[in-house]
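Asks: Here are the chains, one letter per residue:
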Amino acid sequence: MSAPVITFLSDYGHDDDFVGVCHGVIARLAPEARVIDVSHGIPRHDIRAGALLLRGSLPFMPAGVHLAVVDPDVGAARRAVALRVADAGRLLVGPDNGLLSLAAEEFGGVVEAIDIGRSPFRLEPVSATFHGRDLFAPIAAQLAIGADPASLGDPCDPDALVRLELPRPTIEHGALVAHALYVDRFGNVQLNVSHADLDGAGLRLGQPMAVSAAGTVHTAHYGRTFGDVAPGELLVYEDAHRTLALAVSRGSAAVRLGIVLDDEIRISSLR
Amino acid sequence: MSAPVITFLSDYGHDDDFVGVCHGVIARLAPEARVIDVSHGIPRHDIRAGALLLRGSLPFMPAGVHLAVVDPDVGAARRAVALRVADAGRLLVGPDNGLLSLAAEEFGGVVEAIDIGRSPFRLEPVSATFHGRDLFAPIAAQLAIGADPASLGDPCDPDALVRLELPRPTIEHGALVAHALYVDRFGNVQLNVSHADLDGAGLRLGQPMAVSAAGTVHTAHYGRTFGDVAPGELLVYEDAHRTLALAVSRGSAAVRLGIVLDDEIRISSLR
Amino acid sequence: MSAPVITFLSDYGHDDDFVGVCHGVIARLAPEARVIDVSHGIPRHDIRAGALLLRGSLPFMPAGVHLAVVDPDVGAARRAVALRVADAGRLLVGPDNGLLSLAAEEFGGVVEAIDIGRSPFRLEPVSATFHGRDLFAPIAAQLAIGADPASLGDPCDPDALVRLELPRPTIEHGALVAHALYVDRFGNVQLNVSHADLDGAGLRLGQPMAVSAAGTVHTAHYGRTFGDVAPGELLVYEDAHRTLALAVSRGSAAVRLGIVLDDEIRISSLR
Numbered sequence: 001m002s003a004p005v006i007t008f009l010s011d012y013g014h015d016d017d018f019v020g021v022c023h024g025v026i027a028r029l030a031p032e033a034r035v036i037d038v039s040h041g042i043p044r045h046d047i048r049a050g051a052l053l054l055r056g057s058l059p060f061m062p063a064g065v066h067l068a069v070v071d072p073d074v075g076a077a078r079r080a081v082a083l084r085v086a087d088a089g090r091l092l093v094g095p096d097n098g099l100l101s102l103a104a105e106e107f108g109g110v111v112e113a114i115d116i117g118r119s120p121f122r123l124e125p126v127s128a129t130f131h132g133r134d135l136f137a138p139i140a141a142q143l144a145i146g147a148d149p150a151s152l153g154d155p156c157d158p159d160a161l162v163r164l165e166l167p168r169p170t171i172e173h174g175a176l177v178a179h180a181l182y183v184d185r186f187g188n189v190q191l192n193v194s195h196a197d198l199d200g201a202g203l204r205l206g207q208p209m210a211v212s213a214a215g216t217v218h219t220a221h222y223g224r225t226f227g228d229v230a231p232g233e234l235l236v237y238e239d240a241h242r243t244l245a246l247a248v249s250r251g252s253a254a255v256r257l258g259i260v261l262d263d264e265i266r267i268s269s270l271r
Numbered sequence: 001m002s003a004p005v006i007t008f009l010s011d012y013g014h015d016d017d018f019v020g021v022c023h024g025v026i027a028r029l030a031p032e033a034r035v036i037d038v039s040h041g042i043p044r045h046d047i048r049a050g051a052l053l054l055r056g057s058l059p060f061m062p063a064g065v066h067l068a069v070v071d072p073d074v075g076a077a078r079r080a081v082a083l084r085v086a087d088a089g090r091l092l093v094g095p096d097n098g099l100l101s102l103a104a105e106e107f108g109g110v111v112e113a114i115d116i117g118r119s120p121f122r123l124e125p126v127s128a129t130f131h132g133r134d135l136f137a138p139i140a141a142q143l144a145i146g147a148d149p150a151s152l153g154d155p156c157d158p159d160a161l162v163r164l165e166l167p168r169p170t171i172e173h174g175a176l177v178a179h180a181l182y183v184d185r186f187g188n189v190q191l192n193v194s195h196a197d198l199d200g201a202g203l204r205l206g207q208p209m210a211v212s213a214a215g216t217v218h219t220a221h222y223g224r225t226f227g228d229v230a231p232g233e234l235l236v237y238e239d240a241h242r243t244l245a246l247a248v249s250r251g252s253a254a255v256r257l258g259i260v261l262d263d264e265i266r267i268s269s270l271r
Numbered sequence: 001m002s003a004p005v006i007t008f009l010s011d012y013g014h015d016d017d018f019v020g021v022c023h024g025v026i027a028r029l030a031p032e033a034r035v036i037d038v039s040h041g042i043p044r045h046d047i048r049a050g051a052l053l054l055r056g057s058l059p060f061m062p063a064g065v066h067l068a069v070v071d072p073d074v075g076a077a078r079r080a081v082a083l084r085v086a087d088a089g090r091l092l093v094g095p096d097n098g099l100l101s102l103a104a105e106e107f108g109g110v111v112e113a114i115d116i117g118r119s120p121f122r123l124e125p126v127s128a129t130f131h132g133r134d135l136f137a138p139i140a141a142q143l144a145i146g147a148d149p150a151s152l153g154d155p156c157d158p159d160a161l162v163r164l165e166l167p168r169p170t171i172e173h174g175a176l177v178a179h180a181l182y183v184d185r186f187g188n189v190q191l192n193v194s195h196a197d198l199d200g201a202g203l204r205l206g207q208p209m210a211v212s213a214a215g216t217v218h219t220a221h222y223g224r225t226f227g228d229v230a231p232g233e234l235l236v237y238e239d240a241h242r243t244l245a246l247a248v249s250r251g252s253a254a255v256r257l258g259i260v261l262d263d264e265i266r267i268s269s270l271r
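Protein chains in written order, with this note's numbering: chain A, 1 to 271; chain B, 1 to 271; chain C, 1 to 271.
Don't take every hint at face value.
[What the hints assert, rightly or not] Just the calculated beta-carbon pair ranges, DEER-fashion:
# : chain 1 : residue 1 : chain 2 : residue 2 : range
1 : C       : Gly232    : A       : Pro231    : 54 to 62 angstroms
2 : B       : Arg204    : C       : Ala214    : 58 to 66 angstroms
3 : C       : Ser2      : B       : Gly108    : 29 to 37 angstroms
4 : A       : Gly232    : B       : Gly206    : 57 to 65 angstroms
5 : A       : Ala196    : C       : Ala76     : 48 to 56 angstroms
6 : B       : Gly206    : A       : Pro231    : 58 to 66 angstroms
7 : A       : Pro208    : C       : Glu172    : 49 to 57 angstroms
8 : B       : Gln207    : A       : Arg185    : 51 to 59 angstroms
9 : C       : Gly206    : B       : Gly232    : 26 to 34 angstroms
[To be verified] From the derived model, a few chain C residues whose C-beta atoms are all more than 12 angstroms from chain A:
#  : residue
10 : His45
11 : Gly75
12 : Ala86
13 : Ala150
14 : Ile171
15 : Glu172
16 : Gly227
17 : Pro231
18 : Gly251
19 : Val260
20 : Glu264
21 : Arg266
Since the hints were made in silico from the structure, they are not lab data. We treat Cβ as the ideally placed atom computed from N, Cα and C, and that holds for glycine.
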């Protein structure tokens, strides 16, 4: 028998003790649980970045309790929830602000939702500003040691949960109009475009492309990996999440193209 | 039986391998111990920030060995110690420079102090600059596997340990005069003020306040959580450590008010 | 019996989920393995910094599987390897770009090399840009649960592996000519100089020295630890890796001397 697993994602960063304290709370309540940190580097309050990373990473994590806290409205009216999804053995815990919604869809949708805001398993006195410590971590620990989600709070309607809407790519005058969804540490820019979308726009692997961003048109190569273009050149490629992305070999596409989140990017053929 | 726990706090950061090497040393000597990282983001050499984070976080950690290294005088004359405190099952290990003192008080005071500077359990050859690896981690590992602290060095007088003095708030002309003790990643500013101090100054939850910092007077609301004020507005609130703090909703109080550590902050009623 | 250990070093940083996802992949394949993070703060694509940290840190780690990923040519022609070294129980996994070479030498050299690039134990579909997740982590997990390296890929010639060449110090006109190999978080500058090299140049502990860097000559003291000089003064010392380094007490030698990687540093006696 393996130890029960809790994965943990947040925007708490590593400067303070927020992450450590949550680990401590879990270790006291569920000493046999193993905690795997997904990332705590989510930009502050960026619910969508957190949701995208959760959706992309959780399929690679063992089934278990998936704790996530990006919570700009902590202590205010937003609901706090524990969710059972269709995929066996996976439970999501966090604020009901869309953070969990993309991962929940990835796992087949929510089949049971519990409002944990007034759970008797909170850590008293509950602070108004650190629900990671006082609410979410204790609930995750209870789930890890086998508590029935229904015992941890009040049932609520899965259809009433907050869902995150992502921008959709379109085709205009033969150009694929995409958006910058996420920028990683290397400056690679993830787009809201799948391989199929590129095919639909008549764009093919190996072709030169025109990439228009921040008012400038750049020439790019549609390749597989960074080494397919010379250092400093622009690459369009399918990234490890199987969505389209922009990179500059040995450089930063975000810096080179001046891209910030949600910017519109137009991609068209250069034939 | 749970695994023995070692918690670990330092100013080593995550750029280098200092933290990883200490984990390795512990894993070799005490493979059954579980290490929980409290934080390694303490500002370099900031003993007080480390002491404050230890005091605030350790009560949420399982009882065990609490290793802490913020050690500007490594290799020089400062003592290295292992401390048993009044609270059962808790041992502190680190430099005797005040870093451990606030947590020791929180746990009822030191009941046994051991000078570990010449411990036979050091890792030879002991470097002059990395006592985390060569001294503190090995001692923490020995304690985790059940060694008697007295067997690890020479007894010393608990009353001779270095204590950290924090500035005390005062009341002048009806204003509470506080100090900025710690700034977290979100720019929230922790003050040396308890709820009782505010009461003593005649300040009440829900009231508008005047906050004077860095030569400017700002209007603030005394509320419970960030959502109690509009984005960009200044909030005075009781933080998760139950001490007073300043925040700007969706912003940074430290940046907005131009506050640096130890700055004097004056808070008075706006009635 | 202790849990099998996998150590993990990379340039993935902590902003994204790259490290977390690799932990997840390992936890699924080898739930009993314990993962110790050496560092993920290696400067992007800096193979030499990664190689130096591996060489310095792995001797302090339990024997086990040592996973390392600094991989600018991911998805291109570079080989991916698993290496058995002379020291019992240690296996190295990573790209064959020199990253593993210094640690391999430290452990007595490579006695068996396996090309894992087409291993049946890869995670399908293998991405072109995230071999940490799809190739290296799965192979490390297989080794941790006892797989024979030979079963994981195709044997290759240990002598054909890429080796990293470090600059060698020389003596010119009585001055020791060294190079800046690595700069840590505190601004301490590691040189390619051993204690013996200094002796050879007639430099002795306790003496004043002239340190020439970036076109300026500075006076330094050759001491043991930071406290041996006044705050702000320059120290030459043997660091925790037993190689020579430069520090400024309570400051940054890299900033003060304007040193960047590979800069030439000349050290001579001031008698």
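Asks: Each hint: holds or not?
Replies: For each hint, the structure was consulted:
{"no.": "1", "hint": "C:Gly232 - A:Pro231: 54 to 62 angstroms", "in the structure": "violated (40 angstroms)"}
{"no.": "2", "hint": "B:Arg204 - C:Ala214: 58 to 66 angstroms", "in the structure": "holds (59 angstroms)"}
{"no.": "3", "hint": "C:Ser2 - B:Gly108: 29 to 37 angstroms", "in the structure": "holds (35 angstroms)"}
{"no.": "4", "hint": "A:Gly232 - B:Gly206: 57 to 65 angstroms", "in the structure": "holds (58 angstroms)"}
{"no.": "5", "hint": "A:Ala196 - C:Ala76: 48 to 56 angstroms", "in the structure": "violated (26 angstroms)"}
{"no.": "6", "hint": "B:Gly206 - A:Pro231: 58 to 66 angstroms", "in the structure": "holds (60 angstroms)"}
{"no.": "7", "hint": "A:Pro208 - C:Glu172: 49 to 57 angstroms", "in the structure": "holds (51 angstroms)"}
{"no.": "8", "hint": "B:Gln207 - A:Arg185: 51 to 59 angstroms", "in the structure": "violated (44 angstroms)"}
{"no.": "9", "hint": "C:Gly206 - B:Gly232: 26 to 34 angstroms", "in the structure": "violated (58 angstroms)"}
{"no.": "10", "hint": "His45", "in the structure": "violated (7 angstroms)"}
{"no.": "11", "hint": "Gly75", "in the structure": "violated (3 angstroms)"}
{"no.": "12", "hint": "Ala86", "in the structure": "holds (33 angstroms)"}
{"no.": "13", "hint": "Ala150", "in the structure": "holds (27 angstroms)"}
{"no.": "14", "hint": "Ile171", "in the structure": "holds (36 angstroms)"}
{"no.": "15", "hint": "Glu172", "in the structure": "holds (34 angstroms)"}
{"no.": "16", "hint": "Gly227", "in the structure": "holds (27 angstroms)"}
{"no.": "17", "hint": "Pro231", "in the structure": "holds (25 angstroms)"}
{"no.": "18", "hint": "Gly251", "in the structure": "holds (21 angstroms)"}
{"no.": "19", "hint": "Val260", "in the structure": "holds (18 angstroms)"}
{"no.": "20", "hint": "Glu264", "in the structure": "holds (25 angstroms)"}
{"no.": "21", "hint": "Arg266", "in the structure": "holds (31 angstroms)"}
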